[in-house]
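This is what each chain is made of:
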Amino acid sequence: LALAGAVAADPVEDTLVVEAEEGTVDLVTTAPAPEFLKDTVDTIYSGWHYREDETRDLQRDDFDNPGMVFVDRGLDLWNATIGTDGQSCAGCHEGPESMAGLRATTPRVDAKTGALMTVENYVDACVTDRMGLEAWGWTGSQMKDMLALISMQSRGMPVNVAIDGAAASFWEKGKELYYTRFGQLEMSCASCHEDNQGRYIRADHLSQGQVNGFPVYRLKDAGILSAQQRFVGCVRDTRAETFKPNSDEFKALELYVASRGNGLSVEGVSVRH
Amino acid sequence: MTRQLCLAAAMSVTLATPALTETAPTDVAYTEGKIETSLTATPGDPANGITVMTTAALGNCVACHTIAALPDVQFPGDIAPPLDGVADRWSEAELRGIVANAKMTFEGSFMPAFYKTEGFIRPGGGYTGKAPAGDLPPILTGQQIEDVVAYLLTLKE
Ligand code: HEC
Ligand code: HEC
Ligand code: HEC
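Going down the list, the protein sequences come from chains G and F. First residue of the first sequence? That's 1 in the working numbering, and the numbers climb one at a time after it. First residue of the second sequence? That's 274 in the working numbering, and the numbers climb one at a time after it.
Errors might be hidden in some of the hints.
To be verified - 25 angstroms max Cα-Cα, derived DSS-like pairs, lysine-lysine:
#: 1; chain 1: G; residue 1: K173; chain 2: F; residue 2: K403
#: 2; chain 1: G; residue 1: K175; chain 2: F; residue 2: K307
#: 3; chain 1: F; residue 1: K429; chain 2: F; residue 2: K307
#: 4; chain 1: F; residue 1: K389; chain 2: F; residue 2: K307
#: 5; chain 1: F; residue 1: K403; chain 2: F; residue 2: K307
#: 6; chain 1: G; residue 1: K220; chain 2: G; residue 2: K244
#: 7; chain 1: F; residue 1: K403; chain 2: F; residue 2: K389
#: 8; chain 1: G; residue 1: K175; chain 2: G; residue 2: K244
#: 9; chain 1: F; residue 1: K376; chain 2: F; residue 2: K389
#: 10; chain 1: F; residue 1: K376; chain 2: G; residue 2: K220
#: 11; chain 1: G; residue 1: K175; chain 2: G; residue 2: K38
#: 12; chain 1: F; residue 1: K403; chain 2: G; residue 2: K244
#: 13; chain 1: G; residue 1: K173; chain 2: G; residue 2: K220
#: 14; chain 1: G; residue 1: K175; chain 2: F; residue 2: K403
#: 15; chain 1: G; residue 1: K173; chain 2: G; residue 2: K112
Calculated directly from the structure, the hints in this document are not laboratory data. Remember, it's a predicted structure, so these values are computed and weren't measured experimentally.
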């Protein structure tokens, strides 16, 4: 782009240390770009760096983070005997800490089935196949409470999704979507989050569009938002017909976008405006 | 009752008239990015051009461009070059071409084409996220393009 002289408003220099019940947690919000991105960007930044001071501060203490309410609700749901035969998540998996690491490595290809699986897909499989319940809506409140709880178990771990082997074909597909200029505005994810990160599109400070912070508590919606819900909003803003959450397209895109953040910390439940 | 009918009939006539004299987006001739002739029979109205440029649902040019002559616009974006002095840099035909379809002037531009109805990947009906109900209209009408061009022509250093 011919933008001589336009000084981008850089991501704020800051570090994120969270006061949690179990002590302080250091989160890596700035990291060297993964190998495959080296020719495009040097450094990857969590979306946290692009938000206002007040929004960033809400994430420094779990007492202030409005997303923690949903984590607590997720824990109640985890322990509840909701299955048709009285099963609970806890009955089979013990504590939620058994899920540590999952958020950091999903979406991933399931070794047994070869299917690309997000956290939501795994939860859904247990809810329907193992508990005999109707599927939880992908973006419904039970799913998002559970997603919040499970993501928290990986807080502070580096995002580390596999992009090779069985994942390669999904990753390629996600990459193609990332660079496709959709809609009547003919914009790709890269148009905003790669070419113009750091600049303002009207009042919005464009981040790199990373998903390491997801799910996020979005102040504007006063609720939890999953990565693919965010994609819906971004694609809609290009005057395009969006894909649906849990579509093959958005799952592949989530894998690709997650891989662009390999090395950043999972934030558990982050706070965005 | 009769009076309302007359009014409705009169309105549909005034609404239909400019459309008939507008060059359809698919019929616009670009020469090296320029559009030499006006898209409509009515001269552009610069005041309405400002409205189009600063309204999010219309041109929303200020999402990307700053304009020093419009200091009241809140939070203009800084993605694209400031529009101050564009009339010194570009002719009327060039500006009309840039606003109608900037990609004809700047290859691969991030700037959306405001007078184009074909060749999109998964176009939606406005910002609904759904496929358009019928034929896809251009983002701006020919008259709105002319209004914007009329305003841009006032932007001299
Ligand atoms: C028209 C510009 C535009 C396009 C195109 C766009 N986005 Fe966004 N996106 C935004 C804005 C504005 C925000 C909110 C500010 C920010 O975090 O960048 C955002 C936020 C995000 C976030 C949240 C980041 C965080 O940490 O909270 C993700 C993830 C994201 N976008 C992914 C995508 C993906 C994937 C695509 C392509 C399918 C895409 N975006 C296309 C404008 C865009
Ligand atoms: C009847 C037993 C049972 C119940 C009840 C159950 N699960 Fe599972 N869950 C399993 C088994 C078995 C697996 C598969 C393990 C494997 O394939 O290695 C699994 C896998 C998972 C995984 C993927 C974990 C991984 O590391 O691969 C998640 C996430 C999960 N369950 C969440 C839940 C949640 C949330 C609930 C409650 C809403 C729940 N499960 C209820 C038995 C159960
Ligand atoms: C999404 C961003 C975006 C929007 C919205 C946008 N533009 Fe642009 N515009 C650009 C970019 C980027 C350029 C620089 C050309 C290039 O490199 O592609 C540009 C260039 C221009 C130029 C040439 C400027 C110069 O000095 O050379 C004019 C004139 C212009 N735009 C007018 C408009 C008008 C009028 C609107 C609204 C009807 C508009 N733009 C909306 C991004 C945008």
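For each hint, the structure was consulted:
1. G/K173 x F/K403: holds, 22 angstroms
2. G/K175 x F/K307: violated, 35 angstroms
3. F/K429 x F/K307: holds, 20 angstroms
4. F/K389 x F/K307: Holds, at about 15 angstroms.
5. F/K403 x F/K307: violated, 33 angstroms
6. G/K220 x G/K244: holds, 21 angstroms
7. F/K403 x F/K389: holds, 19 angstroms
8. G/K175 x G/K244: Holds, at roughly 18 angstroms.
9. F/K376 x F/K389: Holds, at about 11 angstroms.
10. F/K376 x G/K220: Given pair F/K376, G/K220 is violated - Cα atoms ~34 angstroms apart, limit 25 angstroms.
11. G/K175 x G/K38: Holds. G/K175 to G/K38 sits at ~15 angstroms (cutoff 25 angstroms).
12. F/K403 x G/K244: holds, 11 angstroms
13. G/K173 x G/K220: The given pair, whose Cα atoms are some 31 angstroms apart, is violated under the 25 angstroms limit.
14. G/K175 x F/K403: holds, 23 angstroms
15. G/K173 x G/K112: Roughly 21 angstroms between the alpha carbons, so the hint for G/K173 and G/K112 holds.
Checked against the numbered hints listed earlier, the structure breaks hints 2, 5, 10 and 13; every other hint is satisfied.
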